[in-house]
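Colleague: Put chain G on the given structure of chain Y with help from the hints.
There are 2 protein chains.
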Amino acid sequence: MSSFSAATQDEVRRHNLARIVRRLHLNGPASRSELVALTGLNRSTVGVLISELVDAGLATEGAGSAGTVGRPSLVVALDPLSAVVVAFDLRVERLIGAVIGVGGEVLARRELKHRRQSFGPQVAVKQLVAMTASLLESVPEGAAWVGAGISVPGIVDHGDGLVRVAPNLGWNDAPLGALATAAMASEFGAGPQVRVGNDADLGAMAEHVRGAGVGSQNLIYLSGEVGIGGGIVIDGRLMAGAGGYGGEVGHMVINPAGELCRCGARGCWETQIGRDAVLRAAGRELDAAEVQDIVIAARSGDDAALETMRTVGGWLGLGIGNLVNIFNPEVVVLGGHLHHLIAEVPGATVDRVGSSLRAPREQVKVMAPELAGDSTLIGAGELAFAELLADPLGILARSASLVAS
Amino acid sequence: MSSFSAATQDEVRRHNLARIVRRLHLNGPASRSELVALTGLNRSTVGVLISELVDAGLATEGAGSAGTVGRPSLVVALDPLSAVVVAFDLRVERLIGAVIGVGGEVLARRELKHRRQSFGPQVAVKQLVAMTASLLESVPEGAAWVGAGISVPGIVDHGDGLVRVAPNLGWNDAPLGALATAAMASEFGAGPQVRVGNDADLGAMAEHVRGAGVGSQNLIYLSGEVGIGGGIVIDGRLMAGAGGYGGEVGHMVINPAGELCRCGARGCWETQIGRDAVLRAAGRELDAAEVQDIVIAARSGDDAALETMRTVGGWLGLGIGNLVNIFNPEVVVLGGHLHHLIAEVPGATVDRVGSSLRAPREQVKVMAPELAGDSTLIGAGELAFAELLADPLGILARSASLVAS
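Order-wise, the sequence lines are chains Y and G.
Using numbering that gives the first Met the number 0, you'd call the opening residue of the first sequence number 0 and step up by one each time.
Using numbering that gives the first Met the number 0, you'd call the opening residue of the second sequence number 0 and step up by one each time.
It is worth saying that the hints were derived from the structure and are not from the lab.
In this text, all values refer to a predicted model and were calculated from it rather than measured experimentally.
Be aware that one or more of the hints could be misleading.
[Unchecked claim] Short derived list, chain G residues pointing at chain Y, Cβ under 8 Å:
id: 1; residue: ASN171
id: 2; residue: ILE253
id: 3; residue: LEU259
id: 4; residue: CYS262
id: 5; residue: ALA358
[Stated by the list, open to error] Stretch by stretch, here's where chain Y covers chain G in the computed footprint (C-beta under 8 Å, at least three residues):
id: 6; stretch: 79-87
id: 7; stretch: 212-220
id: 8; stretch: 243-250
id: 9; stretch: 310-321
id: 10; stretch: 327-334
We put the CB at the ideal spot given by N, CA and C, even for glycine.
Just chain Y, same shape as in the assembly:
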């Protein structure tokens, strides 16, 4: 059995390195004792693993404040400049990019408005490459470039980064992941595979590991833009469905007597609470107004605006009630314009969520995102870090080091 147990020991070592790096990445510096408790390994084994991380340059160890009172303890921390990813939030009307260090710190950030009409996949990839060059220039020499991730408002095939459909961008079967990976390799000589994810999924994951959902294992993140998407975390894992199409909660029919949806059905949730639906209900121009304008009007006593907020808030609560009954989550996070609807008319949503079953209703908290507008960007960064977190030293060794240009 010797070859068999040798293979296993290598797997076990990688697994334990991964657990330590993941812990430091998500929760910050930790003492040796905390890492011993986390892994269940003995002190000397943990010491060996930490030395490997320090030797590779990924972590530092020194006197520090990991929160323990009393005798100072050696504290292990990741070096944010040792390994970095680029992350993008590709929205309908703007592109936001960031370079993020291991540990989650945003090291640099860019934002660029674009014209939706002329923003096809090829144009997008050119902007992604240009922004990547600009972002990486701001990182000191020697950092390893370990990943790249893009959030897209559409249905994505995770394996190859194919954007099957992004209705509000007008994209169909756009091979964004493959195009971006090839363009990066061509521009920079080398580069990681570019991962692509759905915006609601990435928002859910970011809020789960770094935001409103920390400590909960079951979370629903609703992305509120023109459409309504859902990112759903079950037992700590993102739900994808058989083909990666899961989470299309915006196309849950809740009002069969309602408006025709662009999907062909009648009374989908997004025809009741999507951005355009809210603006239309308030009698506003779709291109000239924002949901926040209605909130301001409602606050200043505008009856029509207040009535819109109540009606839309009611439909929001009704749909949340359905999801609470179906998923029994601990947290529902309202992204985009949706959190205005409860923040301003507190009674409405709670009343309708109140029509869900008692037990799951008592367990759920309906919250605004803690990462504010950055949930999806941070989620794209986590997607980009996934490979490093699974095999820290292996990926670090195989990644290109940045050379100052």
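Modeller: Below, chain G alone, put in the same frame as chain Y:
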């Protein structure tokens, strides 16, 4: 690192034994070569593991037909009389029990109608114990009694088998698992902990591993009785939600202008497609008719019955469409009376499921249960086998052997 790697080797051995037993339990006899391919271990290691199973009496090995053509190969099979569980499907108006051998064969079966009005938890436990005695008598001496499972039409806490609420039984916070475990131990001197599960969850699991969902990783099972429940399998795992209340798809509001539900909301799915709703729509007496009567009437040309079938089938399809958009499952299994509604009016449901998004719609199959009326009973059996499948030799060694009485 020696103690650390020793612990790991024992875990690895248990894990590999578990994989082999699980494979044999769910898919039947297998050749050594198949088990080598399954585990990725070398031939001699697999041989050692098989010997351990044979020595413990759990498996046999001999010339057999495991489906391979050509040179006969040694075939490994579980002995169904080596380890057994008792499984119960506790319904509103009857109790069905079975003793099931490892490998999934039903060795003996009992069924007993009861009066719903006087069927409290204490009465139920007495019947469970009496039926268990009768079932175990039919098993030859020497079998190990390794588990017991009960399916209940209610919301269950999996840890301790507390039935939080079973509305159609009129039960609230009934400690069924603890009561049954204590009663079994008292009656039989020893016995396994009695596990309790929700009927839709167990039906989903059974159809997933042994029925219509074999080969799929994402499945929704709808239990169609007075209420409508959902058992939801995601990536091969049953979804429970934060408190085990997940899957209450019957309380998804799909018609806000509809009837008041007993949960307090208006237009829940179960007010449109539950058994009572179907009978009421057809103008039948709730206590004197079955959904099948309406199917028969529709078949023989009764316009009112046909109209009921179409209307209810439409609501069924609308709700399935919502679930398809939310979960992107490969299979939706219609339990209880629900499969009549598509079997007889094929156009109706497909049309409404057709209003869901194209991609997930193309991936889903809407099917009748393959285990027919036994999905939940078989699911209770699988729940009872779970511990044996996780640690076959450990559980076998710790279980009481049956002595013929």
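Colleague: For each hint, tell me whether it holds in the structure or not.
Modeller: Against the structure, the hints:
no. : hint    : result
1   : ASN171  : violated (11 Å)
2   : ILE253  : holds (6 Å)
3   : LEU259  : violated (11 Å)
4   : CYS262  : holds (6 Å)
5   : ALA358  : holds (5 Å)
6   : 79-87   : violated (count 0)
7   : 212-220 : holds (count 3)
8   : 243-250 : holds (count 7)
9   : 310-321 : holds (count 3)
10  : 327-334 : holds (count 3)
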